[in-house]
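> Chains as they are written, first to last, in this note's numbering: chain A, 2 to 123; chain B, 13 to 504.
Any given hint might turn out to be false.
Unchecked claim - One-sided and incomplete, this derived list gives chain A residues near chain B with beta-carbon spacing under 10 Å:
no., residue
1, M15
2, V16
3, I19
4, I23
5, G24
6, M25
7, S47
8, F52
9, E115
10, I116
The set of hints was computed from the structure by calculation and includes no laboratory data.
All C-beta atoms in this analysis are idealised placements derived from N, C-alpha and C, irrespective of residue type, glycine included.
The primary structure of each chain is shown beneath.
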Amino acid sequence: METLQGIIDNYYYMVAIILFVIGMYTMLTHSNMIKKVIAMNIMDASVFLMFVAVGYAHGSQAPIIRDNAEILYANPLPGALILTGIVVAVSVTAYALSLIVKIYRYYDTCDYDEICDIRSQE
Amino acid sequence: MGFTVHFPVLIVVVMFFTAFISPLLYRWARKLAAPAVLSALVAALVMAAALLIQVQQTGTYYYHMGGWPPPWGIEFKADPLRLYILLVVISVSLWIFIYALRDLGHELKTRVIGWYYTLYSVLVGSMAGIVLTNDLFNLFVLMEICAISACAIISIKEDRECLEASFKYLILSAMGTGCFLLGVVMLYMATGYLNYGYLYQALVEAFNFYPLNIFTAAALFIVAFGTKAALFPLHVWLPDAHASAPSPSSAMLSGLVIKIYAFALFLMFYEVFPRVVLEAIPLSEIVLWLAALGSMFGSIYAMLQTDLKKMLAYSSIGQIAYIFMGIGFHHSLALVGGFYHIMVHAVTKAMLFMVAGVIIYSTGVRKIDQLAGIGRVLPVTMVAFTIGSASMVGIPGTGGLISKWYLALSALEIGRPIFVLVILASSLLNAIYYMPIVINAFMHQDEFKKEVKPVPPVMQFCMVVGMVFIIIFGFFSKPVVTLLEQAAALFF
C-alpha cells in the first residue's frame, strides 16, 4: 500500500519514466527514420519533464522574490538548465531531419528496412 | 598573472571562436582560413602546456565560470591527469589537421571545406571542455556538441554510406545522452548537486537514503558512456561510421572521440561515485568483463573484414577495451596503463587511418586483398603501417608494449592472472590480422598493378612524425609514466 501511495504522490516521475521507455523503445526498434526522430524527442522531453519536476515542491510558487519572505519557492535551477537542454534537443533534431532529407534524395524512402533491401539488391 | 588565470576556459573559447570565423575567412580570405585554425590549435596547445607546468608547481587549479562559485556556478578543474589528456587531444588534433589540409581537397567538395574547419574546431573545443569540466550538466551540453560535430564530420562527405552511418551514429548517441541526462536527474534528486566534488561528498550520505536512485544512475552512465565509447555490446554504430568517413575524420573519431567518453566514464567512477557505492555494486567488474569480451570480439570481427578502413575501425573496438580494463581494475598501475594507452592508441590509430587515406589517395584501393606488393611502390606509407601494426600488437620498442605491460602487471597485482591471458590472447589476435597485410605488402612476388599517384610531402611528413612518436613512446616512456603515476596516486 505504501508503494502505491508513493506512486500516486509522485505520478509525474512515473509519467516521465513511461515516456522515456516509450521513446527509447520506438527509437531503437522502428525502421521509419522520421519516427525515430520523433521518438528521440519524446525521450528527451521525458527527461526534461522529470528534471523540472524535481525542482517543484508541493504548494510552491515561481521563484520571484517578493516582500514577505515566508513563501515556499520552487527551485529555479532545473528550469534554467532545461532551457539549455531544449536548445540542444532542437539542434540535434534539426540535424537529424536534414540527414533524413539527404538520405531520402538518394533512396526515395525514409524507411531503414527498405534502404537495406535496396542496398542488398545492388 | 593577468589573463593566465583564464586559461582553462580560454582553451575552449578559442576553439569555438575559430569555429565561427573560419567559414567567413574561407569565403572572403581563403588563404587565411587554414592558418587561423592552425594558430588556434597551437595557442590551445601552448595554454594547456602552460597550465600543466603551473599545476605541477602549485597543485590542482579550479576555475569558476563567470566568478560564480560552485555548487551553482560551472567549475573547470585543471589537474595533471586532465591536462595530460587535454595535451594528447590538442596535439593529436593539430597533427591530424596538418594531414587534413592536403587530404580534404581530395575527399570533399571545395565549397564545404570551410565548414569542415568549423566542425573540426567545435569538435576539438568540445572535447577539451569534456576533459576540463567539473559539472555534470555542462558535461551533458558539451557531449551533445561533441556528438553533433562528430556526426557532421562524417556526413559532410555526402555520399550514401556516410549519411546512413552518421544517422545511425546520431540516433545511438542521442540514446546515450538521453540515458546520461536521466542519470544526472537521478543524482540531482538524491543530492541536489551537479558539481563532481560536491556530489562525491554528498553521495556518501545520500547512499543510505536513496540507494535505488544511485544504482539507476550508475547503470545509466555505463550505458551512456558505453554507447558513446563503443564498449563491446554497444559498438554497433562504430564500424560504419568510422570506415565511411573521410580519412582525417576517421583518424579524429577513432583516435580521440571514443577515448574522451572512456575518460568521462573514468571521471564518473573515480570523482563522482564514492567508494561505498562502487563497493556495493560490481560496476568495475561489469566494465572489466565487457572490456575483456570486447578485446577479443573486436579483433575477431576485424579478421573477417575485407575493407582496410573497416578493419581498422573494428580494431578500435578491441583497443578501446584496454582503456576500459585500465578503468575497471581499480589499481594505480592499471590507470597508468590505460591512460598511456589513450596516448599510444590515439597516435597509432590516427596514423593507421592516415596510411589508409594515403593508400586511397594515391591508388584508390580500399580492399585488403588488393594491397599485395604495395610496399614496393609506397615504401614510407607501408613502413608506417608496419610500425603502427607493431604498436597495436605490442611488439617491444613500440608504445603499445608499455601500456599492455602495465595492464598485465596490475592484473597480477590484484591477483587475477586470467586477464593477463586475455591481454596476451587479444595481442595475438591483433597480430593475426595486421601482420598478413604487412607481409603481403612487402613480400608478395607480384608487382602492384594499379596506377600510383605520388604521395604529397605533407602527408609523408605526418606519417613520419607518427612513426617517430610511436617509437619514442616505446623507448622513452619514463616522463609520461612518472606524470601518470603521480596523477593516479591521487585516487588511491
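> For every hint, state whether the structure bears it out.
Verification of the supplied hints:
Taking 10 Å as the C-beta cut-off, the interface hint given for M15 (chain A) is violated, the closest approach to chain B being about 14 Å. Annotation: interface hint on V16 (chain A) violated; nearest CB of chain B at approximately 14 Å, more than 10 Å. About 13 Å separates the beta-carbon of I19 (chain A) from the nearest beta-carbon of chain B, more than 10 Å, and the hint is not met. Taking 10 Å as the C-beta cut-off, the interface hint given for I23 (chain A) is violated, the closest approach to chain B being about 12 Å.
Below 10 Å, beta-carbon pairs count as interface contacts, and G24 (chain A) has one with chain B at about 7 Å; its hint therefore holds. Because the beta carbon of M25 (chain A) sits about 6 Å from the nearest beta carbon in chain B, less than 10 Å, this interface hint is met. Using the Cβ-Cβ criterion of 10 Å, the hint placing S47 (chain A) at the interface with chain B is satisfied: the shortest such distance is roughly 8 Å. Among the interface hints, the one on F52 (chain A) holds; its C-beta lies about 5 Å from the nearest C-beta in chain B, closer than the 10 Å criterion.
Checking E115 (chain A) against chain B by beta carbon gives a least distance of about 12 Å; that is not within 10 Å, so the hint is violated. Interface hint status for I116 (chain A): upheld, as the beta-carbon distance to the closest one in chain B is roughly 7 Å, under 10 Å.
Consistency note: the structure conflicts with the earlier hints numbered 1, 2, 3, 4, 9.
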